[in-house]
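**Student:** Following the hints, position chain B against chain A.
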Amino acid sequence: MELIQNLGLGFATAFSVANLAYCLIGVFLGTAIGVLPGLGPVATIAMLLPVTFGLSPETALIMLAGIFYGAQYGGSTTAILVNLPGESSSVVTAIDGYQMARQGHAGKALATAAIGSFIAGTVATVVIALIAPALAEVALAFGPREYFSLMVLGLVASVVLASGSLLHAVGMIVLGLLLGLIGTDVNSGVMRYTFGRDEMADGISFVVVAMGMFGIGEILSNLESEASRSILARKVEGLMPTRADLRRIMAPVARGTGIGSLLGILPGGGAMLASFAAYALEKKVSRTPERFGHGAIEGVAGPESANNAAAQTSFIPMLTLGIPSNPTMALMIGAMIMQGIQPGPGVISDQPALFWGLIVSMWIGNVMLLVLNLPLIGLWVRMIGIPYHFLYPCIIFFCVIGVFSINNATFDIWLMALFGVAGYILRKLDCEPAPLLLGFVLGPMLEEHLRRAMLISKGDPTGFLTSPISATLLALAVALLISILLPAIRSKREEAFQEED
Amino acid sequence: MKSTYQTKDFWAGCVYVAIGLAAILIAQDYKMGTAARMGAGYFPRVLSGLLMLIGLASILRAFLQPGERVERIQLRPMLLIVGSTLIFAASVRYLGTVIAVPLMGLLAASASRMFRITVPALVGLALLTAFCTIVFQMGLGVPLPILGSLFGG
Numbered sequence: 000m001e002l003i004q005n006l007g008l009g010f011a012t013a014f015s016v017a018n019l020a021y022c023l024i025g026v027f028l029g030t031a032i033g034v035l036p037g038l039g040p041v042a043t044i045a046m047l048l049p050v051t052f053g054l055s056p057e058t059a060l061i062m063l064a065g066i067f068y069g070a071q072y073g074g075s076t077t078a079i080l081v082n083l084p085g086e087s088s089s090v091v092t093a094i095d096g097y098q099m100a101r102q103g104h105a106g107k108a109l110a111t112a113a114i115g116s117f118i119a120g121t122v123a124t125v126v127i128a129l130i131a132p133a134l135a136e137v138a139l140a141f142g143p144r145e146y147f148s149l150m151v152l153g154l155v156a157s158v159v160l161a162s163g164s165l166l167h168a169v170g171m172i173v174l175g176l177l178l179g180l181i182g183t184d185v186n187s188g189v190m191r192y193t194f195g196r197d198e199m200a201d202g203i204s205f206v207v208v209a210m211g212m213f214g215i216g217e218i219l220s221n222l223e224s225e226a227s228r229s230i231l232a233r234k235v236e237g238l239m240p241t242r243a244d245l246r247r248i249m250a251p252v253a254r255g256t257g258i259g260s261l262l263g264i265l266p267g268g269g270a271m272l273a274s275f276a277a278y279a280l281e282k283k284v285s286r287t288p289e290r291f292g293h294g295a296i297e298g299v300a301g302p303e304s305a306n307n308a309a310a311q312t313s314f315i316p317m318l319t320l321g322i323p324s325n326p327t328m329a330l331m332i333g334a335m336i337m338q339g340i341q342p343g344p345g346v347i348s349d350q351p352a353l354f355w356g357l358i359v360s361m362w363i364g365n366v367m368l369l370v371l372n373l374p375l376i377g378l379w380v381r382m383i384g385i386p387y388h389f390l391y392p393c394i395i396f397f398c399v400i401g402v403f404s405i406n407n408a409t410f411d412i413w414l415m416a417l418f419g420v421a422g423y424i425l426r427k428l429d430c431e432p433a434p435l436l437l438g439f440v441l442g443p444m445l446e447e448h449l450r451r452a453m454l455i456s457k458g459d460p461t462g463f464l465t466s467p468i469s470a471t472l473l474a475l476a477v478a479l480l481i482s483i484l485l486p487a488i489r490s491k492r493e494e495a496f497q498e499e500d
Numbered sequence: 000m001k002s003t004y005q006t007k008d009f010w011a012g013c014v015y016v017a018i019g020l021a022a023i024l025i026a027q028d029y030k031m032g033t034a035a036r037m038g039a040g041y042f043p044r045v046l047s048g049l050l051m052l053i054g055l056a057s058i059l060r061a062f063l064q065p066g067e068r069v070e071r072i073q074l075r076p077m078l079l080i081v082g083s084t085l086i087f088a089a090s091v092r093y094l095g096t097v098i099a100v101p102l103m104g105l106l107a108a109s110a111s112r113m114f115r116i117t118v119p120a121l122v123g124l125a126l127l128t129a130f131c132t133i134v135f136q137m138g139l140g141v142p143l144p145i146l147g148s149l150f151g152g
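Heads up: the protein sequence lines correspond to chains A and B, in order.
Mapping of the first sequence onto numbering that gives the first Met the number 0: position 487 corresponds to residue 486, and the numbering continues sequentially without gaps.
Mapping of the second sequence onto numbering that gives the first Met the number 0: position 63 corresponds to residue 62, and the numbering continues sequentially without gaps.
The following block holds chain B by itself, in its conformation from the complex:
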């Protein structure tokens, strides 16, 4: 019985129920209206209710016929990859793309098992940064500073 709590169906069901519950609670602030004149809250409530039902069905299925277990969720690559994008978002105006792009690249690359700091890798990083400056900032005019406010850019 213990393994039921580790199956994909069980956890997927929990995710559905949790999201559906949150959505229906938030929707309490929106007007329900009538079937003929639906308010802002009508359709969200219907959908949230449906999502919770699907979630319950999934949980039920997990108990009736326990399926596959959830494979291990790799936290390290997830934190590094997602973290690299977040650090870019937080720092780009301050540091500028000249620093923020290689920083993101390096951080993201370190999530790989093959990660080594080698000359071709560093050249690639420099090329990517140059590409960003020339194509996106000069060519397409993406409004990001090349040099950030830290350097008076």
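Extracted from the complex, chain A is given alone in its bound form:
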């Protein structure tokens, strides 16, 4: 009955007035910014991260998690109402959700998304509570070799499961790893790639990289395709789904939750992959697949449940292994390090209040989303209506102030501008910045574990193969790499991502 005891601790932490309040603020702000088209969860979290610096670690992570699923939900609202997904995981929601809205069922689509997300979130929370402690137990036995191999597997998986060119994804990861090395080398005290600037002695803050690449860089890309948006429904009505609707969405919600929970745990997985997979599955099992693309309610229920479930379960590798499976989790890791917490299997045993409080607050956050968002839909609709040319100067302002407040240094603003230009140009060359951020966060850890592992094996690289766990992980990584080079699987992968365009 340890679980109940732990959950009790979680409830005690999450139900403190401050944590409830910050969870609410997080969910609210996350949704408010998430509904703005062109702003995904990564940019939202990066922008709001400096707000959490002064909070205690538990409160900060609870608020950030709230921002995360708030932004996720906000993105779906935008996808349904204006066919402009704010983030990649609601791309598929836009397909049928927008059609439903055009047929006058915007309310029903939004309610379906909310209910599906809530059920998925609840189930995923239970999954985390059950699996994470067990996984952390296993991970405690990991040495530097196992960690190194695990990170390699994680990076390889994130390449395979990402969309776009494989070669460039690998290139961006290596570039990110290199950028992560900037700063003082912990072993020798040598300053690497600092160009003699004291400001860079502690390395570049990942907030600077994230805001430059995802904040400024995205604005520059968005400005090229500036078009006026038309919102379908100024007034959203019929929010309450009928009993027949509920019966129709139950099975898709259950399937979506299952797929999402599973894919969220995988390294490199996460919300986007889950929503694509769920949509494909719904289309396959449906007796009337021709309705998909023309406003099928299952096409909203399945992917929306899946992306919320995956968003939650992607916390599992982050909390138990200290390894981010996607850029959002990379930001979470960064936030933990900034709060002075070493991510890894020790978090659950060293910071039980933080871990269990976070888990319980995830569920509370989902309840808040459900009761807050449907009544507030009028507000969200008005926020979507803000024209982009009013919006982006404000985003720039928040990025600049946010980056400044990390170290109170204007130097960081210069760096952010540099990453903004780099992000824009790299996007032009089809090099997506998401893998770069993963590499950037993992770089220092990867080097540290490599050094320790090689020290233990006295410079013999076969040490990675003689440890059974490490060998298995590396074998998986190689198998993944080979599998995507095979033409058959390669074309399947391209097929899976083609609906994005």
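Be careful, since some hints might not be right.
[What the hints assert, rightly or not] Restricting the straight-line Cα-Cα distance to at most 20 Å, the calculated cross-link-like pairs of lysine to aspartate or glutamate (DMTMM-like) are:
no., chain 1, residue 1, chain 2, residue 2
1, B, Lys30, A, Glu447
2, A, Lys427, B, Glu70
3, B, Lys7, B, Glu70
Don't read these hints as lab results, they were simulated from the structure.
**Tutor:** Coordinates of chain B only, in the frame set by chain A:
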């Protein structure tokens, strides 16, 4: 053959090779160490070498199967947006946020094709400045002067 030099693969490869080359040259100053006791320069050299290889592969691919061309890079919005943040960074201590924030906002907004100086836009700019003063400077205590040193702030 001419179009090869305009493809995304070609230029992305060049970027990788250039960065990898720069990184490996700088890393010459860091101790290499041995495989068992890696110095500060070991991992950077491995990564830079890898990045250059990836870059060469990308360039090779551009020649073997020329892909998409690079779309036009819009210089004007880039200069205005990036410039607005840089001007803020350079001037905020001197001018204070009361002037530097609207200056940045105006400059950034002018990058848009929809840019017009209208009453709602100016009201929005004033609100943003007030928001900055009240929330960030008074509320969160971000150490930026409201009035800069130019005005004795």
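**Student:** Each hint should be assessed against the structure and marked as holding or not.
**Tutor:** Here's how the hints hold up against the structure:
no.: 1; hint: B/Lys30 / A/Glu447; verdict: holds (16 Å)
no.: 2; hint: A/Lys427 / B/Glu70; verdict: holds (7 Å)
no.: 3; hint: B/Lys7 / B/Glu70; verdict: holds (9 Å)
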